[in-house]
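Chemist: Sequence:
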Amino acid sequence: MKLEELKLGPRDEKQLAELISRFGFKSWPKEAARDTAPPPAASPLPVRADPEERRYETLFEEADLARWVKDLEAAELVAFDTETTSLDPMQARLVGMSFSVLAGRAAYLPLAHNYAGAPGQLGVERALALLKPWLENEARRKLGQNIKYDQHVLANHGVALRGVAHDTLLESYVLESHARHDMDSLATRHLGLKTLTYDEVTGTGVGRIPFEQVDVARAAAYAAEDADLTLRIHHALLPKLEAAEKLLYVYGSIELPAREVLFRMERDGVLIDAAQLEAMSHELGQKMLELENKAHKEAGQPFNLGSPKQIAEIFFEKKGMPVIKKTPSGAPSTDEDVLERLALDHPLAKMLLDYREISKLKSTYTDKLPKMVNPRTGRVHTNYGQATAVTGRLASNDPNLQNIPVRTPEGRRIREAFVASRGNAIVSADYSQVELRIMAHISEDENLLRAFAAGEDIHRATAAEVFGRSLRDVTSEERRYAKVINFGLIYGMSAFGLAQQLGLERATAQAYIASYFTRYPAVAKYMEETRKTARERGYVETVFGRRLWLPEIKSSNPARRGGAERAAINAPMQGTAADLIKLAMIAVRGWLDRERLSTKLIMQVHDELVLEAPDAELDRVRAEIPELMSGVAKLKVPLVVDVGSGQNWEKAH
DNA sequence: TAAGTCACG
DNA sequence: ACGTACGTGACTTAT
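Position one of the first sequence corresponds to residue 1 (my numbering), numbered consecutively onward.
In short, the hints are calculated from the structure, not lab data.
Among these hints, one or two may not hold up.
[What the hints assert, rightly or not] Straight-line Cα separation of at most 20 angstroms, EDC-like style, residue types lysine to aspartate or glutamate; simulated pairs:
{"no.": "1", "residue 1": "483", "residue 2": "607"}
{"no.": "2", "residue 1": "287", "residue 2": "357"}
{"no.": "3", "residue 1": "287", "residue 2": "410"}
{"no.": "4", "residue 1": "132", "residue 2": "71"}
{"no.": "5", "residue 1": "309", "residue 2": "336"}
{"no.": "6", "residue 1": "319", "residue 2": "337"}
{"no.": "7", "residue 1": "371", "residue 2": "273"}
{"no.": "8", "residue 1": "194", "residue 2": "212"}
{"no.": "9", "residue 1": "309", "residue 2": "283"}
{"no.": "10", "residue 1": "362", "residue 2": "313"}
Please work from the sequences and hints to get the whole structure.
Modeler: Here it is in structure tokens:
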């Protein structure tokens with residue numbers, strides 16, 4: 001599959017038909033499904049009449065595997081799963097593999113089970129030698145449940161998995177992003193079957209054993225079932241996607257190709273200057289000790305500065321500071337907002353604020369990141385969760401590279417440790433004000449569209465409208481207020497929330513909101529329409545048709561219902577932005593491949609792409625990436641992209 | 001394991 | 001009268 005062929009609009013039927021034939025989709029509905037549509041017809045692919053009838057084999061001999069390889073080569077689509085030594089995709093080694101070509105029929109290939117009395121097995125090397133031609137053949141279509149993981153495992157053994165046609169994780173995510181997507185949940189929801197779970201096979205907690213110590217017969221029952229059920233779940237889910245044109249687009253033209261891009265980003269990793277971070281850790285540790293001593297002295301007693309409970313005792317009981325707000329459980333809050341207010345009168349609160357900032361940086365970043373460097377590659381490899389965020393965004397974990405500090409000077413020193421390798425530069429390209437632009441596009445508010453078309457500073461423009469000034473008369477404080485209002489709009493704010501954020505009377509905040517909606521009436525209409533749509537259909541959509549379900553939109557609990565309404569307002573904007581940057585990643589990766597460039601995509605931070613470019617490619621990359629990112633969709637507003645480069649991530653901003 | 005807090009967009 | 005800005009992941013403390 002060539003990535004560049006997947007840049008199509010959701011309603012380009014001819015190209016969509018082409019796409020469908022490439023993915024081998026079986027049918028194409030005349031109309032997109034409505035939410036009231038009946039459940040889709042049964043899968044056209046073969047499913048055994050009796051779902052309980054299963055024929056699972058365990059492959060011990062080379063002849064057994066050779067017979068299966070023949071079937072794999074001949075099959076239209078093969079469900080495939082790996083069993084491994086670790087959940088860390090970059091560390092995991094193969095213990096076994098399973099395959100299914102037909103619902104109810106599957107094989108487990110034990111390779112490296114290692115316990116007293118374990119049966120003889122083929123071994124990883126011999127098995128991969130036999131399987132490699134199939135695994136690496138783009139034309140042999142494979143299916144998995146979170147197959148990005150299996151692709152890493154195979155890559156750890158020098159095998160380049162090709163021909164990934166489907167992933168049940170992504171199918172489920174596109175259909176119901178809010179639901180669980182683990183195998184057990186999918187089997188229960190879509191097949192009405194109870195599965196053997198990983199925990200049941202390996203145990204939990206201290207009793208957990210590594211998969212290589214799991215009895216082969218038991219492992220076979222588990223692993224073969226996984227492959228079997230993956231295929232059956234696919235047969236259940238793909239028709240549902242095919243019945244809704246836009247969902248099929250999101251799945252086939254956004255999520256599946258993005259999956260491959262994410263694999264490469266994770267694999268390539270990012271270079272950090274571990275020594276620099278370690279030196280910083282030492283420095284921060286010294287500062288923490290100093291602040292701790294100062295705070296203990298000020299408090300008149302030692303206490304654990306990391307314990308909100310102990311802080312509350314000192315602050316609110318011993319010192320009699322006012323309780324400004326409470327946590328959800330009713331305890332007095334000591335969060336940043338509270339400490340900032342208390343700091344006006346109490347030096348101890350300021351000390352704690354300083355301590356919190358430093359300890360956060362140390363414990364989460366400067367201590368941890370150096371330990372996350374992969375010894376083989378010398379780089380840090382995050383894992384991007386592609387089915388985690390309900391809105392369509394990615395999530396980054398182990399380590400999270402999407403929350404690296406940037407807002408404070410001390411924090412930005414951590415960004416300086418994200419560096420380019422010798423002869424390369426870091427390039428950062430981010431969408432400017434993308435969610436507000438999407439709000440303008442969806443609401444079609446003339447005033448907002450005009451401001452973006454004119455290239456105005458959007459917060460300044462908002463301030464001019466809300467406060468009745470000319471653009472040049474807007475004060476910096478008015479602009480700051482307008483910026484808060486703009487963020488609030490994206491989050492579905494209330495007058496109460498705005499007042500709290502700006503430290504105003506609620507009535508004043510309400511007046512600002514009223515003024516905003518007078519000047520941008522189509523935005524007000526959009527907000528109301530979105531609430532209505534959410535109530536009527538139970539979901540909202542992004543510009544590309546990604547669906548976000550809101551199970552609590554009709555809740556009788558006003559707090560829950562209100563939360564669902566705010567999520568409904570936010571989701572089209574956050575989700576469309578997520579769609580756009582995924583399309584951009586696909587476009588960028590396609591361009592780099594076509595042009596045979598060595599530049600790597602190394603990070604995605606929601607509205608920003610970070611690349612590592614050889615010096616010889618830097619000029620081309622700096623020129624082309626913004627064009628590619630801007631060009632992924634033609635909205636009613638320009639998509640502006642800012643680009644920068646430098647020796648480290650901080651300098652590239 | 002839950003709660004509280006805080007890093008990011 | 002009530003609760004009150006969207007979406008994440010990770011760390012520490014306390015149970």
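Chemist: It remains to establish, for every hint, whether it holds in the given structure.
Modeler: Comparing the hints with the structure gives:
1. 483 x 607: holds (18 angstroms)
2. 287 x 357: Since the Cα atoms of residue 287 and residue 357 sit roughly 11 angstroms apart, the hinted pair holds (cutoff 20 angstroms).
3. 287 x 410: holds (12 angstroms)
4. 132 x 71: holds (15 angstroms)
5. 309 x 336: holds (15 angstroms)
6. 319 x 337: holds (19 angstroms)
7. 371 x 273: Answer holds: residue 371 to residue 273 is near 12 angstroms, not above 20 angstroms.
8. 194 x 212: violated (24 angstroms)
9. 309 x 283: violated (27 angstroms)
10. 362 x 313: violated (26 angstroms)
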